[in-house]
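Got chain A; can you put chains B, C and D on it based on the hints?
Chains as they are written, first to last, in the working numbering: chain A, 2 to 329; chain B, 2 to 329; chain C, 2 to 329; chain D, 2 to 329.
None of the hints are false.
Example chain A residues on the side facing chain B (calculated, C-beta under 7 Å, incomplete): (1) G69; (2) G70; (3) D161; (4) T162; (5) G258; (6) H259; (7) I260.
These are computed hints drawn from the structure, not numbers from a lab.
The structure displayed is predicted, hence computed values, not measured ones.
C-beta: ideal position from N, C-alpha, C; glycine also.
Number of protein chains: 4
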Amino acid sequence: MNKEIKKIAVLTSGGDAPGMNAAIRSVVRASAYHQLECVGVYRGFQGMIEGEFVDLDARSVKNTVNRGGTFLKSARSKDFMHKEGREKAYANLKKNNVDALVAIGGDGTFTGATIFGKEFNFPVVGIPGTIDNDINGTDFTIGYDTALNTVIEAIDKIRDTASSHDRLFLVEVMGRDAGDIALNSGIGAGAEEILIPEEDMGTDRLLESLKRSRKSGKTSSIIVVAEGDQIGKNIGQLADFIQTNLTEYEVKVTVLGHIQRGGSPSCYDRVLASRLGVGAVDALLDGKSHIMIGVQHKKVVQVPFEFAINGEKEIDKELIRVADIMSI
Amino acid sequence: MNKEIKKIAVLTSGGDAPGMNAAIRSVVRASAYHQLECVGVYRGFQGMIEGEFVDLDARSVKNTVNRGGTFLKSARSKDFMHKEGREKAYANLKKNNVDALVAIGGDGTFTGATIFGKEFNFPVVGIPGTIDNDINGTDFTIGYDTALNTVIEAIDKIRDTASSHDRLFLVEVMGRDAGDIALNSGIGAGAEEILIPEEDMGTDRLLESLKRSRKSGKTSSIIVVAEGDQIGKNIGQLADFIQTNLTEYEVKVTVLGHIQRGGSPSCYDRVLASRLGVGAVDALLDGKSHIMIGVQHKKVVQVPFEFAINGEKEIDKELIRVADIMSI
Amino acid sequence: MNKEIKKIAVLTSGGDAPGMNAAIRSVVRASAYHQLECVGVYRGFQGMIEGEFVDLDARSVKNTVNRGGTFLKSARSKDFMHKEGREKAYANLKKNNVDALVAIGGDGTFTGATIFGKEFNFPVVGIPGTIDNDINGTDFTIGYDTALNTVIEAIDKIRDTASSHDRLFLVEVMGRDAGDIALNSGIGAGAEEILIPEEDMGTDRLLESLKRSRKSGKTSSIIVVAEGDQIGKNIGQLADFIQTNLTEYEVKVTVLGHIQRGGSPSCYDRVLASRLGVGAVDALLDGKSHIMIGVQHKKVVQVPFEFAINGEKEIDKELIRVADIMSI
Amino acid sequence: MNKEIKKIAVLTSGGDAPGMNAAIRSVVRASAYHQLECVGVYRGFQGMIEGEFVDLDARSVKNTVNRGGTFLKSARSKDFMHKEGREKAYANLKKNNVDALVAIGGDGTFTGATIFGKEFNFPVVGIPGTIDNDINGTDFTIGYDTALNTVIEAIDKIRDTASSHDRLFLVEVMGRDAGDIALNSGIGAGAEEILIPEEDMGTDRLLESLKRSRKSGKTSSIIVVAEGDQIGKNIGQLADFIQTNLTEYEVKVTVLGHIQRGGSPSCYDRVLASRLGVGAVDALLDGKSHIMIGVQHKKVVQVPFEFAINGEKEIDKELIRVADIMSI
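The following block holds chain A by itself, in its conformation from the complex (with noise of 0.2 Å):
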């Protein structure tokens, strides 16, 4: 054990997910657990900079592992990408006699992460919280699963109304980069087509195939479109284009936005935080620094920062033919 290290900061940074705020608890509970203490620091590395510090034992984070969002709060930091931004961070910590850090966040998060941990030698150790599952090394992220279930309870009222009044719907999901909450909440949903940024249709394709549907015998239908879609991108000039092109329904288009980021996470979710939360001090513990907690085939894992960062995950060949085959 390292026995260096007797006082462990944790703080949330980048886009919220739902169980952040039960990974932040098990930091805190892990830390006690090992007669360690502990301490949050407010708005990610922007409050480590300004030296926004609160002492956390095991019962200041009672009734947190069902919240949403994340009561550290959380920020992007441009002072952080300056030295001067990160000496000012590390003489905070200093001051407050921190050995370690613990981030939650995205790649972002992480990327800041290394540059700071190498800059100064300090140990940190990365969990991955962030909807959008594009986190390389892990098989998901916190926030994710409870992201998918709020786009689907969504898409389910939605398609309440598509189907009482014969009409096509296209609801624009997060996504910028990354398919997988399109393509999953897609297959959980039902709908008709997916489209996401990994795979350019082409509009033609698509009306194509929405004729097809229609002449099926189906009277509605729902599209499922990530933000970051090629044609899905301007999703009212799609719905336009589709309308016109496709008179037999009426078109119309929810962009679900930021209700995504949000709600009580799902049991997989604060299981999972609760289980990398544990994962981070121990590795710390172990004298770990620079690598992501994450979970390889319901096992935990220790990923390289660069790994975690680097690597692209593809997207799956076999989803997309589930998707295909469910909406025949």
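Leaving out everything else, chains B, C and D in the frame of chain A:
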């Protein structure tokens, strides 16, 4: 009892609302209870014109009380605005031996029903089914309570991310002419400000108020905007205006859209729908026509169509005061 | 305005109900609005005796409107039944310069509040917070609407498994003396039979009815049982009786229990709580005391404690008829 | 490809689970995709014996992906345990020109399917549908994820009232032989203690632990109890024991029961069901039989029935440690 009535038709028309299925089910079962035949009409008045009828008995409507949307589907019918269309509709009713009609919908539905009923001296009773709660003579319309719960659940999620990031969110809810959904969901969701069509706040007053709240220590805010509000009509423009003038916040927009029309109805809406369906069949058997069945002070009442349509509901000043006090 | 009142205490007492936090929040913010001080009392009357007070300002109650339970906690107090206990409570109010009390709870709470208020000539106003909806003089109590939704969501789930297996389910819901929850949730959930304390159906009639339904083609059934119903009191025994006499079904029992008391309040309960809290502070400032703030026909009203407690609510015959017709 | 297979039958058997409808739908649509006919069998093996078949095409299964339960219904069949019953079943399959069977269920289902398949040399593929997650060779069974979410949502509600009243709640969840639901939902719901069949804690150790927590400042507690746990089997007795020995708390019991089997499936379960249904049809066309389609490390896999049934899943020691640390 009106011995003439042996067969009742039921339809849903206009915008769909959660609880419409429960209302159809109630009309069907109340008909069965009184040993009347019942027939459903697809797609509202349009289906009546096109002769889309389906026989419904007590078992046909099982497992529908909890379903969103309307399994009879709904539509707006231009043909029904012309005498020719209505004559076809009347002929179809006669051909199917229908003696009376129950029309579930909003003011457009009741307007059509009034004209049709008078034109052919045909018994018609209405049931208020619309999320807008904008019908005179009934305390609540079917679907309104469910829509309010859908809105606050969505805003609860948005608040998670708003308070994690110190953001100001503009959330657009339904309500082209009526601010009921905005006002009630705004209070329920703890909104900072609520913008409704009935009151023009003006951008200056809004800005003053937001600045005051910020000073009072609020770090994130939700503004609920009815789609018909004067300054909120162009919600993107309003967001830009606020962002320009209130740089402390990051301003974001979410348009809830059609999720507000769907979902499994609340208990209140299911019970209301069940009561009004029974009341509609009772009224027809009692020889009544050209009335809407509503609820006032927990009692089922009968209201002339003219009153239901023409009266204008006023916004509740007490609620506006409560909203002001809650956002102190 | 009552210039004497400068500081208000607020407490929750008796069984907890969703929306109690929203009611506390409203009393606190209405106090702030009128520039009064506000103090919370933990654990109801018991905390008043033991001097557990906490200062509350407008910011103390942020993010509470959507929380179930009561952050001031609740308890039943035996000590408050004795003069000695009440004298201690009064002394603590004086010591804390409290000029008036708002008590949120049910009839037990109002009974205690009446005695206390008269004994010490101390201004007390009540707010009805109980899931049972068994208070006279108000159309709804805070928490009732939420409890109904919790019950129907649970029964919707049970119906999935009931209809998958051709089972008959007895579902016990709260209601020792009042059948309101059973009757409304039974209609909302599409129950076959609803057993309530106000009516003794008798096992023979129940059995006859179930046999009739089975013959009419129903393959699964839900019976909603209020815990205080005559034949449903011993629900295991009732299940055995039905199983013995109706072997076509597999009979199962589910007791919903305490999940009915929890959960995020519905929009209706949040708005009701907000309105009643404002009404309570208004009433105190207006020199009123020994009254409950309720809602009748959508208006906030003031009701003497005596009326609220002693009156007996009757079960709505129309609802019983609707329930009968719906289960045809 | 197995050219022999032109018609596939699908059935659900054993305890129902959320997502079974999504699995049926997937088998039906995958059949349609491969231009095979598909027929549903009602009530599992019993319906196969009694010849209850229904033709299913791609449109028959619309709007089923989000429905709880199983529209094909499920049952346990004693007749299928006898050769005579199975011979009738086989004759019915032949009469309906069925070439292969997909059986959705748990270990009982697979045991029956194995015997049947070998007896008549009939192609059978299984899909794991059970909330218990007690099948070997698949990381998850369909329905398990949904059940976990149902449990934590219920416990979240119970916690509201537990913490309002300083109570200790024993919450019984499903799991006669396997503690997976208890362990995961216990961590997810922030339980103080989790009692599972795989570990016998003993009442003394439980009591010690509860006393320690009380001293550490906890004022309310949730204990999650799997129905098959040694000391939790008689949950009423356990509650009495704790109440007698730990008088500071008020001890309450809630048995969640059959709500755990119902409800709209989670996104994970819908996607899993969709993938496994496609995998089952693929396997049959590929000439495979006597296997279960499962998921391992995010990939669809084929597992011999023998392995799926006989293997014993071990409880995850890491999860037990996480649970211990979280309840510090």
